[in-house]
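Trainee: Generate coordinates for the entire structure from the input sequences, incorporating the hints supplied.
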Amino acid sequence: MTAPAFLIRGAKLEDYILEMQNITKEFPGVKALDDVNFRVKRGEIHCLVGENGAGKSTLMNILSGVYRHGTYEGNIIYNGEVQEFMSTRDSENAGIAIITQELALIPDLSIYENIYFGHEIMDGKVINWNQTIISAGEIMKKVRLDVNQSMKVSDLRVGKQQLVEIAKVLSKEAKLIILDEPTSSLNEDDSQNLLNLLRELKEDGVTCIMISHRLKEVVGIADTITVLRDGTTIASMDATERTVSEREIIRYMVGRDIENIYPERTHNISEEPALEVTNWTVFDPASDRTILDDINIHVNKGEIVGIAGLMGAGRTEFALSIFGNSPGYRIVSGSMDIEGEPKTFKNPKDAMKAGLAYVTEDKKRNGLILIQDVKFNTTLANLEALLNGITINENEEIIRVGEYKDALNIRATSIAQTVMNLSGGNQQKVSLAKWLFAEPKVLILDEPTRGIDVGAKFEIYTIMNELVEKGYSIIMISSDLPEILGMSDRLYVMAEGSITGEISAEEATEHRIMAMATKTEEVDEDGD
Amino acid sequence: METSRNIQGSGGLINEVTTLLRTRMRDYAMYVALAVIFIFFGIFTGGSFLSPRNITNLINQTGYIAVLAVGMTLVLIIRQIDLSVGYAAGFLGAMAATFMVKFGIPIYLVIPMVLIFGMVIGLIQGFTVSYVGVPAFVTTLAFHFIFRGLLSLSTQESGTIRIDVAAYNNLSNGFVPDIGSVGGLHLVSLIVGAIAVVLAIMAQIKQRKNLLHYNFEVVSLPVFIFKLIFTGAAIATVAVVLAQYQGLSWTIVIVSIVVSIYNFMMNKTRLGRYIYGIGGNQEAAMLAGVNVKRTMLFVFMSMGTLAALSGILFTSRLQSASPIAGQGFELDSIAACYIGGVSTSGGIGKVGNTIIGALVIMSLTNGLNLMGIGISYQYVIKGAIFVLAVAFDVYTRGRKAI
Numbered sequence: 001m002t003a004p005a006f007l008i009r010g011a012k013l014e015d016y017i018l019e020m021q022n023i024t025k026e027f028p029g030v031k032a033l034d035d036v037n038f039r040v041k042r043g044e045i046h047c048l049v050g051e052n053g054a055g056k057s058t059l060m061n062i063l064s065g066v067y068r069h070g071t072y073e074g075n076i077i078y079n080g081e082v083q084e085f086m087s088t089r090d091s092e093n094a095g096i097a098i099i100t101q102e103l104a105l106i107p108d109l110s111i112y113e114n115i116y117f118g119h120e121i122m123d124g125k126v127i128n129w130n131q132t133i134i135s136a137g138e139i140m141k142k143v144r145l146d147v148n149q150s151m152k153v154s155d156l157r158v159g160k161q162q163l164v165e166i167a168k169v170l171s172k173e174a175k176l177i178i179l180d181e182p183t184s185s186l187n188e189d190d191s192q193n194l195l196n197l198l199r200e201l202k203e204d205g206v207t208c209i210m211i212s213h214r215l216k217e218v219v220g221i222a223d224t225i226t227v228l229r230d231g232t233t234i235a236s237m238d239a240t241e242r243t244v245s246e247r248e249i250i251r252y253m254v255g256r257d258i259e260n261i262y263p264e265r266t267h268n269i270s271e272e273p274a275l276e277v278t279n280w281t282v283f284d285p286a287s288d289r290t291i292l293d294d295i296n297i298h299v300n301k302g303e304i305v306g307i308a309g310l311m312g313a314g315r316t317e318f319a320l321s322i323f324g325n326s327p328g329y330r331i332v333s334g335s336m337d338i339e340g341e342p343k344t345f346k347n348p349k350d351a352m353k354a355g356l357a358y359v360t361e362d363k364k365r366n367g368l369i370l371i372q373d374v375k376f377n378t379t380l381a382n383l384e385a386l387l388n389g390i391t392i393n394e395n396e397e398i399i400r401v402g403e404y405k406d407a408l409n410i411r412a413t414s415i416a417q418t419v420m421n422l423s424g425g426n427q428q429k430v431s432l433a434k435w436l437f438a439e440p441k442v443l444i445l446d447e448p449t450r451g452i453d454v455g456a457k458f459e460i461y462t463i464m465n466e467l468v469e470k471g472y473s474i475i476m477i478s479s480d481l482p483e484i485l486g487m488s489d490r491l492y493v494m495a496e497g498s499i500t501g502e503i504s505a506e507e508a509t510e511h512r513i514m515a516m517a518t519k520t521e522e523v524d525e526d527g528d
Numbered sequence: 529m530e531t532s533r534n535i536q537g538s539g540g541l542i543n544e545v546t547t548l549l550r551t552r553m554r555d556y557a558m559y560v561a562l563a564v565i566f567i568f569f570g571i572f573t574g575g576s577f578l579s580p581r582n583i584t585n586l587i588n589q590t591g592y593i594a595v596l597a598v599g600m601t602l603v604l605i606i607r608q609i610d611l612s613v614g615y616a617a618g619f620l621g622a623m624a625a626t627f628m629v630k631f632g633i634p635i636y637l638v639i640p641m642v643l644i645f646g647m648v649i650g651l652i653q654g655f656t657v658s659y660v661g662v663p664a665f666v667t668t669l670a671f672h673f674i675f676r677g678l679l680s681l682s683t684q685e686s687g688t689i690r691i692d693v694a695a696y697n698n699l700s701n702g703f704v705p706d707i708g709s710v711g712g713l714h715l716v717s718l719i720v721g722a723i724a725v726v727l728a729i730m731a732q733i734k735q736r737k738n739l740l741h742y743n744f745e746v747v748s749l750p751v752f753i754f755k756l757i758f759t760g761a762a763i764a765t766v767a768v769v770l771a772q773y774q775g776l777s778w779t780i781v782i783v784s785i786v787v788s789i790y791n792f793m794m795n796k797t798r799l800g801r802y803i804y805g806i807g808g809n810q811e812a813a814m815l816a817g818v819n820v821k822r823t824m825l826f827v828f829m830s831m832g833t834l835a836a837l838s839g840i841l842f843t844s845r846l847q848s849a850s851p852i853a854g855q856g857f858e859l860d861s862i863a864a865c866y867i868g869g870v871s872t873s874g875g876i877g878k879v880g881n882t883i884i885g886a887l888v889i890m891s892l893t894n895g896l897n898l899m900g901i902g903i904s905y906q907y908v909i910k911g912a913i914f915v916l917a918v919a920f921d922v923y924t925r926g927r928k929a930i
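If you read the protein sequences in the order shown, they are chains A and B. By the count of my numbering, the first sequence reaches residue 528 at its end, each step adding exactly one. By the count of my numbering, the second sequence reaches residue 930 at its end, each step adding exactly one.
Any given hint could be a false lead.
As the list claims (entries may be wrong) - Residues on chain A that point at chain B, a partial pick, calculated with CB under 8 Å:
(1) Q83
(2) M86
(3) T360
(4) L380
(5) I390
(6) R400
Derived from the structure by calculation, the hints contain no laboratory data. Since the model is a prediction, treat every value here as computed from it, not as a measurement. We put the CB at the ideal spot given by N, CA and C, even for glycine.
Mentor: As structure tokens, then:
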């Protein structure tokens with residue numbers, strides 16, 4: 001476990017549980033961290049913010065032993081002792097636990113098995129399952145996970161899975177917990193629960209380092225906020241003494257003031273509908289339930305229509321079902337018109353031909369081919385446009401992809417750069433380029449700015465504005481309330497597979513949206 | 529963040545070469561392996577491995593594995609596997625023999641018939657994998673046994689079927705007729721060699737021009753010239769060595785045609801892009817409008833057809849169809865792919881490089897045979913090299929991913 005108490009010298013005015021001093025880490029050709037200093041007080045919630053590529057994850061990977069001692073310069077002083085972690089195991093033994101964005105749970109095992117996976121409660125040489133179940137129950141109570149401990153993790157929604165992760169690190173008696181974007185995949189409610197839980201853990205003396213892009217949360221919860229930019233520490237602010245504003249943080253993050261996060265656009269909405277979906281009811285044979293119930297939605301030319309709602313409201317399923325229904329749902333009833341013409345699609349290809357495009361929520365999983373380059377990804381959905389007989393006209397391809405790269409300001413060394421090596425924001429732009437290259441009429445953007453930094457967000461919004469000004473239509477699915485309010489002309493709210501409200505941009509407020517999105521909250525329970 | 533856009537900008541020539549060696553280690557490894565094997569066997573067989581006769585022999589021997597490996601490259605790129613190809617080739621070869629010897633069907637009918645039959649076999653397996661959804665490992669393992677059984681059945685009565693059709697046997701043993709000779713060297717192979725050198729150099733220069741025109745990263749001029757000289761010299765050496773024996777074999781012609789077709793398909797057509805796309809990220813490819821199932825079906829059909837061609841080349845080479853023909857071909861062809869740089873996690877691979885991989889594998893077989901090492905030891909050695917090749921692949925790609 002941790003260092004003996006007598007080693008914690010001079011409990012002076014400030015008691016730091018962790019000091020990372022002069023950390024420098026280089027990768028071939030890149031200096032990811034340059035002389036970074038990072039100090040965390042015992043028992044505080046310390047938020048670490050910065051744009052993508054600023055070095056947050058690298059710093060945390062050094063702390064947790066992913067990059068072992070010797071691969072970086074500088075010192076880690078934890079509990080008053082210099083640490084030389086050679087693996088994550090070492091840091092865990094010292095009481096440091098990291099919860100990454102991709103949860104490290106085993107979906108087909110039960111909650112209690114997951115909590116004690118890797119540090120089982122033993123009775124001699126065999127596992128003491130009775131004690132495991134009892135202990136798991138106690139820890140679950142602490143993290144307010146009020147479900148049966150023998151439920152499979154895969155039957156829980158993401159918010160509750162996150163709680164299992166926290167229960168797991170608590171069971172290891174972690175004293176310092178690092179959370180990497182813990183709320184990025186959570187809905188508003190689950191986020192609040194999680195943040196409340198962190199506050200409670202703080203009362204119990206647990207120290208948290210939280211990486212987050214959601215600045216609103218950061219200013220709400222942080223005791224200290226440290227901003228990294230380009231691998232250096234820009235500022236460390238004590239939020240207990242004074243109120244730190246989001247604006248101040250943004251200024252440190254990007255090195256300039258961003259006046260308006262949501263750029264202005266000329267509204268030029270036509271009366272003509274671009275896409276109209278009526279009485280859309282969809283049944284999912286895999287989960288044996290109706291996942292979409294009588295959805296009616298329309299988008300006009302030149303309009304940005306938002307679809308707000310909580311995670312699991314059925315928004316992605318709706319997008320997939322109209323975009324050629326690749327998951328193989330059963331469309332029970334409903335019709336779809338594009339520019340006034342009725343359409344039915346057998347596969348995504350049909351939907352593309354009719355002028356739909358769907359920029360997926362999870363680019364890594366189903367949006368991009370990461371091992372291929374910018375060029376390959378950009379043209380994949382519309383190689384027809386480059387055909388010269390049966391061969392692809394590669395010269396034209398290079399020229400046209402170059403145009404898209406410039407127009408969308410994709411920051412890559414060239415269009416031959418592998419997409420894997422681009423930042424999240426630039427990957428998202430490649431995703432957009434791919435679908436714009438397919439020349440759609442209606443773009444469905446599913447969580448277009450999740451996990452990307454403020455600067456890149458602004459660029460994506462600007463691109464969206466340019467598109468609608470040119471007469472494209474956009475459906476934007478987003479769980480980020482300020483974003484959906486800032487960008488939409490009109491918006492729908494979904495809950496539990498149906499539309500629970502339609503509001504114009506002027507009437508919409510965060511409260512109204514949340515009220516509509518949670519209308520049926522009482523029946524919301526896991527597993528059924 | 530701006531990284532240097534041109535390698536030559538980041539320091540002298542030595543610097544560039546070391547960077548290239550480090551980052552492209554994976555790409556160059558197969559040439560190194562080939563060179564090591566050639567030197568090793570050159571020494572331990574007292575030079576007979578490097579004789580023009582044996583080199584010609586080696587190339588003809590490589591033919592039937594090379595065509596299988598070409599098909600396997602596509603299969604592995606889309607993250608599938610085909611374990612049935614060995615006995616499929618054996619069975620289809622036996623079928624060709626039976627058609628010709630027992631039924632007296634003429635060769636110009638037999639070859640297309642067998643190729644089509646191979647395609648149908650691929651169709652059945654591909655359908656089972658992509659439309660029914662049985663994993664390729666399971667499907668093709670089952671067909672491995674089915675073809676093994678069918679091969680035994682078709683050679684049961686007669687044992688080994690001897691083929692007495694000269695034209696057929698010529699496919700793997702014959703040479704392109706010569707039009708004259710220069711100082712005892714075959715003229716045709718010298719001419720073809722010279723043309724190949726010119727074409728290869730021109731293609732590379734054109735590609736470099738293109739890259740420069742579009743501002744892509746290129747290697748510096750000295751390195752480029754070295755590459756040109758190296759490529760030219762390699763092709764020229766092969767041509768001269770072949771010219772010293774009987775010149776250009778039909779196997780080389782057939783394999784070259786197959787490789788050209790597949791190279792064209794993979795690099796220049798939509799289908800090729802789709803295959804790489806599916807291998808890179810199947811779901812993303814599907815959402816980009818790629819018909820994943822149909823493309824997979826095509827890949828298996830192409831594999832079946834090439835298995836038939838492999839069976840034809842092999843029976844032609846032995847001038848007979850044996851009851852154990854095709855045993856272990858699947859391992860050889862999969863190994864050829866991995867040595868040739870096909871990624872074990874799919875999405876990456878080049879048909880041309882697979883041929884080099886096939887040459888590496890067959891050089892081993894050939895050299896070990898020349899050294900008089902028994903078949904049992906050969907299995908052990910080849911198995912070990914297979915694992916090493918894959919381990920090397922995983923290791924080098926893992927380093928790249930940082």
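Trainee: Take the hints in turn and mark each one as holding or not.
Mentor: Verification of the hints:
The restraint placing Q83/A at the interface with chain B is violated, with a minimum CB-CB distance near 23 Å, outside the 8 Å limit. The beta carbon of M86/A comes no nearer than 18 Å to any beta carbon in chain B, farther than 8 Å, and the hint placing it at the interface is violated. About 6 Å separates the beta-carbon of T360/A from the nearest beta-carbon of chain B, less than 8 Å, and the hint is met. The beta carbon of L380/A is positioned within 8 Å of a beta carbon in chain B (closest approach about 5 Å), and the interface hint is therefore held.
At its closest, the beta carbon of I390/A sits 6 Å from a beta carbon of chain B; the interface hint therefore holds under the 8 Å criterion. Nearest Cβ of chain B to the Cβ of R400/A: about 12 Å, over the 8 Å cut. The hint is violated.
Comparing the model with each earlier hint shows violations of hints 1, 2 and 6; every other hint is respected.
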